[in-house]
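**Student:** One-letter residues, chain by chain:
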Amino acid sequence: IVSTFNNYNDLYPDWTQREVSTGTTIMAVEFEGGVVIGADSRTTTGAYIANRVTDKLTPIHERIFCCRSGSAADTQAIADAVTYQLGFHSIELDEAPLVQTAASLFREMCYRYREELMAGIIVAGWDPRRGGQVYTVPVGGMMTRQPVSVGGSGSSYIYGYVDSNYRAGMSKEECLKFTAEALTLAMERDGSSGGVVRLAVISEQGVERQVILGNQLPKFSTV
Amino acid sequence: MASVSVCQYRPGGFSFENCKRNALLEADINKLGFSSPAARKTGTTICGVVYKDGVVLGADTRATEGMVVADKNCSKIHYISPNIYCCGAGTAADTEMTTQIISSNLELHSLSTGRLPRVTTANRMLKQMLFRYQGYIGAALVLGGVDCNGPHLYSIYPHGSTDKLPYVTMGSGSLAAMAVFEDRYRPNMEEEEAKRLVRDAIAAGIFNDLGSGSNIDLCVITKGNVDYLRPHDMANKKGVRTGSYRYKHGTTGVLTKAVTPLNLEVVEESVQTMDTS
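So the sequence lines, in the order shown, correspond to chains X and Z. Here the first sequence is numbered in my numbering, starting from 2 and rising by one per residue. Here the second sequence is numbered in my numbering, starting from 16 and rising by one per residue.
Be careful, since some hints might not be right.
[As the list claims (entries may be wrong)] Under 10 Å between C-beta atoms, here's a sample of chain X residues computed to sit facing chain Z:
#: 1; residue: S72
#: 2; residue: A74
#: 3; residue: D81
[Said to hold, decoys possible] Just the calculated beta-carbon pair ranges, DEER-fashion:
#: 4; chain 1: Z; residue 1: I116; chain 2: X; residue 2: D81; range: 14 to 22 Å
#: 5; chain 1: X; residue 1: N166; chain 2: Z; residue 2: V83; range: 37 to 45 Å
#: 6; chain 1: Z; residue 1: L123; chain 2: X; residue 2: A82; range: 32 to 40 Å
#: 7; chain 1: X; residue 1: P148; chain 2: Z; residue 2: R199; range: 29 to 37 Å
#: 8; chain 1: Z; residue 1: S50; chain 2: X; residue 2: N166; range: 37 to 45 Å
Read the hints as simulated data drawn from the structure, not as lab findings. Keep in mind it's a predicted model, so treat the numbers as computed, not measured. Backbone N, C-alpha and C define an ideal beta-carbon position, used for all residues, glycine too.
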């Protein structure tokens with residue numbers, strides 16, 4: 002591996018040695034009529050924040066999004082490839098594609114190239130057949146449907162919060178509040194997560210996106 | 016589908032066998048006590064900013080080979096198309112060749128579509144090529160230009176990830192330059208203010224990073240016009256010596272002189288005219 006002349010300093014954005022990673026917190030929740038997805042906005046190379054306003058919620062189709070975590074290059078390349086494949090499939094079908102189809106395409110790619118890739122993806126969206134759905138495709142290439150899913154390095158800190166605060170049958174507003182609070186807590190504790198909270202609601206009506214800036218984040222204990 | 020690209024797609028994917036061979040050779044050389052020659056890197060400061068009428072790209076001009084300056088005035092802002100330019104940091108050869116390949120393919124693509132190329136197209140081509148080589152092509156780029164959809168600025172990393180932002184910095188001096196941007200960037204700046212901001216960001220890299228130095232090059236791209244300002248600012252002019260080491264004739268006294276003429280006879284004479292047309 003090529004060694005640079007400044008590699009004793011971890012604060013230096015040494016992109017020849019460290020890959021750009023979305024050390025991240027991502028989350029998706031199903032509700033009656035759609036899904037709420039959320040992510041932080043930090044991309045790091047080592048200890049330097051390469052992009053503090055990243056958009057990790059990537060549209061794959063009109064009502065299907067994916068939340069990306071892991072290697073930025075890998076997830077961008079996979080998302081571009083799946084967007085192409087799904088668009089082609091949708092034209093062939095002359096119909097809106099199923100969320101499960103999108104998730105399957107992600108799984109195919111993530112499993113086939115599992116040794117070469119580092120990608121943890123949450124696929125979420127709305128289709129006319131099954132409504133709002135969340136599928137998680139973690140590192141390794143498994144695919145499973147879950148009512149709530151969290152991912153990324155920051156997710157470790159909020160499993161307890163999510164497990165204790167999730168209730169089936171929450172409304173859209175309750176899901177938004179739940180997601181924003183969970184992401185805020187993770188961003189507070191995980192060094193590789195931070196910036197702003199990006200949220201999106203996907204339903205039959207379409208996609209509504211919002212951003213919660215740093216000073217507007219929900220406040221918890223002042224410890 | 017006919018391909019208009021210069022790059023031949025090789026079925027079976029890139030062979031990484033040579034990477035293993037290089038690693039083995041490196042180990043062997045190190046065992047003998049030598050070190051393999053370091054690739055020339057542009058330890059660099061490059062940056063770009065989107066302003067009211069377009070984008071301003073900036074770069075320093077130092078190219079280093081280890082701790083020695085190999086080129087004091089190299090050009091790091093590369094031409095991609097008449098409306099798109101790209102600054103390159105990382106391995107000098109990689110940035111040079113990558114930008115040339117994409118520039119060539121983009122020109123063919125532009126002739127095929129009959130349209131001025133878009134910055135997002137150049138971005139796609141660059142990221143797909145760099146991802147294919149899995150980071151072994153050490154090219155970190157700042158891509159900027161103006162097309163039918165307005166001004167655009169991208170940062171592209173060696174592994175193939177890209178970010179679309181209003182201001183970006185790359186290279187060893189990127190932290191210094193980013194500090195200047197985070198302090199003074201505003202959306203929709205005027206051209207003079209944007210040029211001053213980029214100039215100051217590169218200057219911060221030049222004076223605070225050992226890998227960056229010499230002059231500041233700027234490239235201002237607007238709709239229908241490109242100002243390639245090389246150099247925009249000679250921040251490091253070579254100083255003028257105050258004294259002179261020239262000695263007058265006769266300073267050193269000559270004690271003895273012995274002249275031996277050498278007998279050289281012309282054996283063969285041939286003249287070959289060079290085609291200088």
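**Student:** All hints, please: hold or fail.
**Tutor:** Checked hints:
For S72 (chain X), the shortest C-beta to C-beta distance to chain Z is roughly 7 Å, which falls under 10 Å, so the interface hint holds. The beta carbon of A74 (chain X) is positioned within 10 Å of a beta carbon in chain Z (closest approach about 4 Å), and the interface hint is therefore held. The interface hint given for D81 (chain X) holds, since its Cβ lies 8 Å from the closest Cβ of chain Z, which is under the 10 Å cut-off. In this structure, I116 (chain Z) and D81 (chain X) meet the distance hint of 14 to 22 Å, their C-beta atoms being roughly 20 Å apart.
Range check, N166 (chain X) to V83 (chain Z): about 59 Å between beta-carbon atoms, so the 37 to 45 Å window is missed. In this structure, L123 (chain Z) and A82 (chain X) break the distance hint of 32 to 40 Å, their C-beta atoms being roughly 23 Å apart. Distance hint for P148 (chain X) and R199 (chain Z): a CB-CB separation of about 47 Å, inconsistent with the stated range 29 to 37 Å. Range check, S50 (chain Z) to N166 (chain X): Cβ separation about 57 Å, and the 37 to 45 Å hint is violated.
Hint violations for this structure: numbers 5, 6, 7, 8, all remaining hints satisfied.
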